[in-house]
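J.: Dock the two chains into a complex; use the hints.
These protein sequences, in sequence, are chains R and B.
My numbering runs 30 ahead of the 1-based position in the first sequence.
My numbering runs 2 ahead of the 1-based position in the second sequence.
Keep in mind the hints are simulated off the structure, nothing from the lab.
Treat the hints loosely; a few may be bogus.
Which residues of chain B face chain R? A few of them, derived with a C-beta cut under 8 angstroms, are [said to hold, decoys possible]:
id: 1; residue: 79
id: 2; residue: 81
id: 3; residue: 175
id: 4; residue: 191
id: 5; residue: 192
id: 6; residue: 194
id: 7; residue: 196
id: 8; residue: 278
id: 9; residue: 280
id: 10; residue: 282
id: 11; residue: 294
id: 12; residue: 322
Here are the simulated BS3-like cross-link-like pairs (lysine-lysine), alpha carbons at most 25 angstroms apart as the crow flies [what the hints assert, rightly or not]:
id: 13; chain 1: R; residue 1: 271; chain 2: R; residue 2: 304
id: 14; chain 1: R; residue 1: 86; chain 2: B; residue 2: 299
id: 15; chain 1: R; residue 1: 391; chain 2: B; residue 2: 175
id: 16; chain 1: R; residue 1: 315; chain 2: R; residue 2: 381
id: 17; chain 1: R; residue 1: 245; chain 2: B; residue 2: 175
id: 18; chain 1: R; residue 1: 131; chain 2: R; residue 2: 391
id: 19; chain 1: R; residue 1: 234; chain 2: B; residue 2: 299
id: 20; chain 1: R; residue 1: 398; chain 2: B; residue 2: 299
id: 21; chain 1: R; residue 1: 391; chain 2: R; residue 2: 252
id: 22; chain 1: R; residue 1: 436; chain 2: B; residue 2: 299
id: 23; chain 1: B; residue 1: 299; chain 2: R; residue 2: 428
id: 24; chain 1: B; residue 1: 175; chain 2: R; residue 2: 49
id: 25; chain 1: B; residue 1: 299; chain 2: R; residue 2: 229
id: 26; chain 1: B; residue 1: 299; chain 2: R; residue 2: 151
Derived list of chain R stretches under chain B, where covered just means 3 residues or more per stretch with a C-beta under 8 angstroms from a C-beta of chain B [claimed, not checked]:
id: 27; stretch: 93 to 99
id: 28; stretch: 112 to 120
id: 29; stretch: 298 to 312
id: 30; stretch: 401 to 408
Ideal Cβ placement from N, Cα and C applies to all residues, glycine included.
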Amino acid sequence: MAVSGCGTSTNSGSGTETKEITVWLMDGSAPTTLTDALNKEFESANGIKVKYEVQKWGGIQERLTTALASSTPPDVIELGNTQTASFADQGTLMDLTADAKQFNEAEYLGGLKDSLTLNGKQYGVPFYAANRTVIYRTDLFQAAGIAQPPTSRAEWIDAINKLKAANASNPDFQALYLPGQSWYFLLSLLWDEGGDVAKQDNGKWAGALDTAQAKAGFEAYKALYDASATKKAPADTDEAKPQQMEVFGTGNVGMMVGLPWELAGAVKAKPDLKDKTAAFPIPSKKAGSTAPVFLGGSNLAIPAASKNSAAAKKYLALLSSKKYQEQLAEGGAVPGTSKDTAKLATTPLGKAMASSSQNGKVTPVTPKWAAVEAGQNPLKDALTAYLTGAKSLDQATKDASEAVTKAMG
Amino acid sequence: MTAVKTTETAAPAGGTTPPALPPAVTGGARKRRRRGGAFDRALPYLLLAPALIAILWLIGFPVVSVFVTSFRQLNLGELVRGEIVWTGIDNYVTVLQDERFWTVTLRTVVFTVAVVGSSVGAGLLIALLMRALTPWVRIALQIAMLCAWAMPILASTTVYQWMFDQNYGILNKTLVQLGFDSFAGYSWFSSGTSTLSVVGLLIVWQAIPFLAFSLYAGVVGIPRDLYEAAGIDGASGWQTFRAVTWPEIRSLLMMVTFLSTLWDFKVFAQIWVMREGGPSGESTTLSVLQYLEGIAKSHFGVAAAISVLMMLILGLITFQYLRRLLQTEEGKI
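One chain only, chain B, in its complex shape (with noise of 0.2 angstroms):
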């Protein structure tokens, strides 16, 4: 900006001076002005460069790595010898032909949406909630809540696989006493969709507490004037809801939503741990096939090939979002 300026209170200035000169000089200053410009604008990005370099390279070299894998055999040997062998998308036509795989994904995606779906709706029945409480009771709720928040997620795995346990635990125990006696013994890991009926729970119970405070941080700070407006216009709690809540937070809300996509949609060890995705392989969902692919079977490349198609389907899925997180960010730029 300064150079442009300069140069051109300079042009005026030399219009008096013989015409052989003026170019000679202007030009040189102008050259130079430019160099030292382009230098000063490009020193903060060379300055950042080494960070922005390592950065990316610890961001993106993993990601490249699985990409780059998922078009290799890449099996025990292969690793132990250093060998690389191309195969090209042979891995991809392995995953996709197998129908195991397709059962898998749509058990996973199934998974996902029942998960995000009641564990994004009960953070936010306990936000509103929280906001209706007096402190003291919303204090020991909070409280209770970063509790569980801070539990270690494989501790709250073994405790739920406890109170699940087919003969001691202590779920069976109380309903018997409640007079359900055919839940003596009952197995609730007898069939996939139990199981991941007991594991989902488990998840919800997990995430709500982050849930339930990012959107209690929302609904807090919508102004009360609000609520004493609507009141005064005679407004039912739903319509209070819907006209006065729901604009405020519902940003907030689709970001959670995505969080929780992307976090259930991988889960992997709460799943590993209860039943190590049985019976029968009827709780597998894609982290646990891929963990099955690359650990156990040592078959490294086929397991960067389920990876890749992760990330595709995920981004399928969050695609609406994605593009409106997109879009918005335009628009405010």
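Just chain R, same shape as in the assembly (with noise of 0.2 angstroms):
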């Protein structure tokens, strides 16, 4: 009775009137502070009502299968940005084009808005993004007489062998813990050179990896590999086997390539770390500019489905204002509709998280990567068999090319 008589009211114009929208958020996405603060907002303003429901990671591609096929789906979903283009390929989002204005188009990266991109047409929102930046120690690079963070690669292979030097007489000292598998830093040298993963032609995608360029990549991979020349570092197992900021956690390593979270966890076991460590951008080879970087992260989509898309698009539109994007930086994230980063420039690792994010790419935008990342990764395979000697840099990209072009025909 109740529900009829609140209805009554709201519903005097057109009976298909917005009462509620459902979003599907992911967790540990968004500081709950803000989507407390992003809902009432939205729901004082329009007078409907959000329904906001945490996903987890875990099994997610199966459920928005699910929940994308069904006849009633959430009003706006959270995705990976390497999944944005098979869903948007499979017909599933809406096509946000002519809105895109109102989402603060003129303020995306490059990359994020990439990522979001298909034939053209746009079938999202940035919402937020984290890029791998060299987390090192300060304590020890003073002790090695490193006044300044390396700002190409060839300081950065000195600054790798001042480190090994000073700490000679440690046995379990790693100056770069770089396992050999590490494949989204392998990206950002190869991008660095000019090269890519792939490459399309006629609407056809082939593997690009034995090019000149991505050969390059591979060899200066190798040469910081072989520069760090720590044994510890497994060939054949990417930075999650072993964890390492578990690794870097032990105190034992100079530097690690990683993300925001990795250095948390390494505080976490390691608690004095905190006043000992900083970042810098992933240099490049060209002296004072940054290595081009893997931008991982997530975009705000509207599934075609929608009942309430006039909603979820207001919904979207306030979610992409300054105020929300700040408080995103603040938190610690590359923020997704806005170019301002002077919130999340105030600790050292989000400084340089900042600047190099910039420079941020995605993987190819096809509905084929998936196939690639998600299966047995060519570069894994790549990278392994040429730093152990097991085929040489030629077969190796050769390989590993053949392998892309399969998987993505």
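T.: Here's what the structure looks like:
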């Protein structure tokens, strides 16, 4: 009875007026203070209730598939930015090209805009992103006489050598912890050399790992891997096996290429690292610039079958506003719809992340990419084969390129 | 049975009555009796039917569904849109034309044979050993095996990963301590064969408790006096085994071999967790290939075709056993 009484007061006009929208955001993506304030402001401004649901990352692909296939999907969803293309390609997301202006389109980072654009149409709004930086120990740098964080790859290798020399007495010391399959970092080096993983030609994707530029990226990886010469870093696993933050947390590591949460994890394991760590952007081979980085993060989208798309758009517009983007930045993420990263740049790591994010890129935006990344990643195999000497550089990159072509073909 | 008997006894009695009447009476009685009999006979089946249909549906539906899906083009798009696109045998052609499928099939068969052979062999040896042990030692061994058996697959796989770790693994450290310096930083996962050997060892370790317990149950059932008789006849250990133990446990051994083949052929978790079928796909088996097609690439139709082919291959491998199983069943009934 109470419900119908409520309905008559707001439902005077059309019969299809929205009373409630369902919003799915991911676990740990935005601070609760932000979402609470956002939902409250939206509800009081529009008279529409927000059914806010937090989703776990595990099994999200399946849950989204089922939700999008239903006749009453959620009205706003959060998607990983490498997932967006495949969902857009299946016609499950609403085309937001015409509305992009009200979502601060002019402020999108290039890499993030790419991640939600398929065949010239936009299927979402960037939410937030994070990128890798070189996390280092300030005390060890000081002790080794390194005054300034390196700003070119040559300087970086120089710093590795100085750290090694200064810590020669510690047999467990590793100047740079770099496992053999840290492929997101390889992307940085590839892009820095002007190469790419795959190229599109007449709508067909083909592997591009056997180009001279891409090979130079592999060589740069090997140069860093060999310079750090840490036999302790396995050639055949990635940064998650073992978790590199745990290795960094032992205190015997000078640097690692990592994400903010990895530093947080290391500090948790060894709290005194908190005041002894900082970060610098991954240096480019060109002195003074930073290497391109992979921008991992999330996009927001409206399912094509949403019945409340007008309200959902208002919700996205509000979230894209400066106020909430600043809160995202304050929380330690690169904000999706604002180039203003002043609030992020308040910590050393935030500062490094903010400056390199301007040069951020994403993996090829195509539904076919999932097959490369989710399966047996050819980039990882090529790195291990090349670093261990099982294959020559030419052979390893040729095989990997063919594998990419096959997976994306 | 009762219906037949009563009509038989009724017939001689009816012989004295006028010829017109008996057929109608006896016929009517027979019909009524038969109807009641048919219903009586059908009743148990009717009562069973709902449960039977539910069970058949539960077991059969996934199988039928996989089979039907293997003739469909079913990618993420078709799944989300709920479309049904029939492609005939295209999925099978795709799979069978891929030379990788054949390499992987051969690898899976060799892997299965090796793992089943070693686990059944080791299980049998332990079962025979348990018979010879004093009770206390046997109980200790049984408890140890129960613990190994109770360990979750992923937990033991992780422990194996640590043991075989390149830098921190206890195996390499021990080998170096023993003087094999070349094992410092040796990678046990640098080739497919080596990776599958580690995975195989893990699976054998996980399988031994079940096999040893099952076979021990068979061994313990053999009467002691048979062994005594063999001993009096001067039979050697091997001869005793051949003449006394083997005939008694042969059918049990065949059954556990059959079960192990089923399990080991489609093993997935251990291989995937260890190295995701790597390096360079060299430890990919059929179930990993199916996962890559189905989940990683969202080609559910092709993955279903691989499943059907896996069932066929498994059927071929276990053909002899299945035939014997069916024959003995018939012989018994």
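J.: If any of the earlier hints don't hold here, list their numbers in rising order.
T.: 3, 6, 7, 12, 15, 17, 24, 29
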